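Make a model of the complete structure from these sequences and hints.
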Amino acid sequence: MEFINEIITLLAEICQDDIVKENPDIDLFDAGLLDSFGTIELLVQVEERFGIMVPISEFDRDLWNTPNSIALQLADWK
Amino acid sequence: MTPYGSFTFFFIVAILLAPTIILGLQGKRFQTYNMFVTILALGLIFSSTLRGAIALILFTIWQVLLIKSYIAYRKKANGNSIFYLAVILSILPLALSKLMPYFSQVNLIGFLGISYLTFKGIQLIMETRDGLIKKDIPLSRLLYFILFFPTISSGPIDRYRRFEKNFQAEVTADQYKLLLYQGINKIFQGFLYKYIIGYSINHFFIAKLRFYAHSQFEHQLYYMYSYSLYLFFDFAGYSAFAIGVSYIMGIKSPENFNLPFISRNIKDFWNRWHMSLSFWFRDFVYMRFVFWIMKKKWIKNRNLVSNLGYILLFLLMGIWHGLEIQYILYGIYHALLMVIYNSFERFNKKHKWWPQNKFTHAVAIIITFHFVCFGFYIFSGQLFHKGV
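Taken in sequence, the protein lines are chains Z and P. Counting in the working numbering, the first sequence runs from 1 upward without gaps. Counting in the working numbering, the second sequence runs from 1001 upward without gaps.
To be clear, the hints were calculated from the coordinates, so they are not data collected in a lab. Computed from a prediction, not measured in an experiment: that's the story for all the values here. Treat the hints loosely; a few may be bogus.
Derived DEER-like restraints, expressed as beta-carbon distance ranges [claimed, not checked]:
#, chain 1, residue 1, chain 2, residue 2, range
1, P, 1051, Z, 4, 42 to 48 Å
2, Z, 72, P, 1204, 50 to 56 Å
3, P, 1161, Z, 45, 24 to 30 Å
4, Z, 1, P, 1019, 30 to 36 Å
5, P, 1014, Z, 72, 41 to 47 Å
The beta-carbon is built from N, C-alpha and C at its ideal position, and this holds for glycine as well.
Written as structure tokens, this is what we have:
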């Protein structure tokens, strides 16, 4: 649970919007909160802070679309 | 024979795929038969030019050797220079085929579809590097992926891991019925787009522009909008054929268009226009470039990194279309639009200058449409042809 919260906090920083915390099931790409650049910031930060390396081509927007699903995917990669 | 270029082609494909459909409707596996069909269809497509056929065979051997060796190497080691070398060698045939016309009368390397097949090769090498393709790929499946005939001439550009999932899936009779229905639907959408709407725009309007336009300026203006619409209907129609035939063969080739003329901005446009190409460039050029710069912390300014990424992406995309001046300018034009829009987006996030409502949405679509059409006008090369 703590891990999921940390990821959501990180996402809120990257998207610069607290709606990520309020509604962790929001589609970040549809809502225009995350784009390719934000995705890279996320991957770089995840590697630096948590030591999880996720290859860019693994980041499929259909599966990594909401804060919750991103956190779950990352938990899998840990 | 040009794929989807004549009734004969559709007729032959229908006969070739009849056994696939019968097997599919009974819930039986048909991919082995489809591989056999692919060989026949390739023979048909390339039978008219022996030179093209030889170039295709040599190209395929080259890519297969390269991919196989890289996968074997990657199991043991992961050196940077070997990876770069593999990517360069993968691009080499395409680069040579683009440069060759400047040096010799006959292009020995080029063939129909080389630009599209190259994407598949590079992609396989990059995903192997990422550790996403670990196991050796059976030769027959690798060849089937690269040479899959419905998409051979102009895409859509598929991804290997996606393709493999479809290839291995057990398709039940009911699931196949749906695939068949969607496939036929797409093929008829293709007829409507390419051979009714696209053809009409070209035949009844563009070809007769001199009767409609009263001045040179008017002529160019009409050409710009009609050519843009023609380009969309022609290419979206072709894509619908390719996707439709893929579906009937149990492969869900990715979509290429999603109503591009209702884009709200240029970024949105590139998520809707020639999507399999723009996503390829996004994933394998832009994102990798940005990742690399950010990780090395060479440039601190995030805006600058992003803009450099866009410039790189669109310059490469322009060059990929061809080395002619109009394609390079087309790339520069879109790079500029992206950089300007990127700055605007950042500005607007802070100052909330452009409100979001139905009215501004409509205005945004109209503005984007005109900018997009001007891009196609550059792309058409009309600017550089004298005496229209």
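The hints, checked one at a time:
1. P/1051 / Z/4: 42 to 48 Å: Since residue 1051 of chain P and residue 4 of chain Z have Cβ atoms about 59 Å apart, the given range 42 to 48 Å is violated.
2. Z/72 / P/1204: 50 to 56 Å: At 54 Å between Cβs, range holds.
3. P/1161 / Z/45: 24 to 30 Å: 25 Å, holds
4. Z/1 / P/1019: 30 to 36 Å: 54 Å, violated
5. P/1014 / Z/72: 41 to 47 Å: 45 Å, holds
Checked against the numbered hints above, the structure violates hints 1, 4; every other hint is satisfied.
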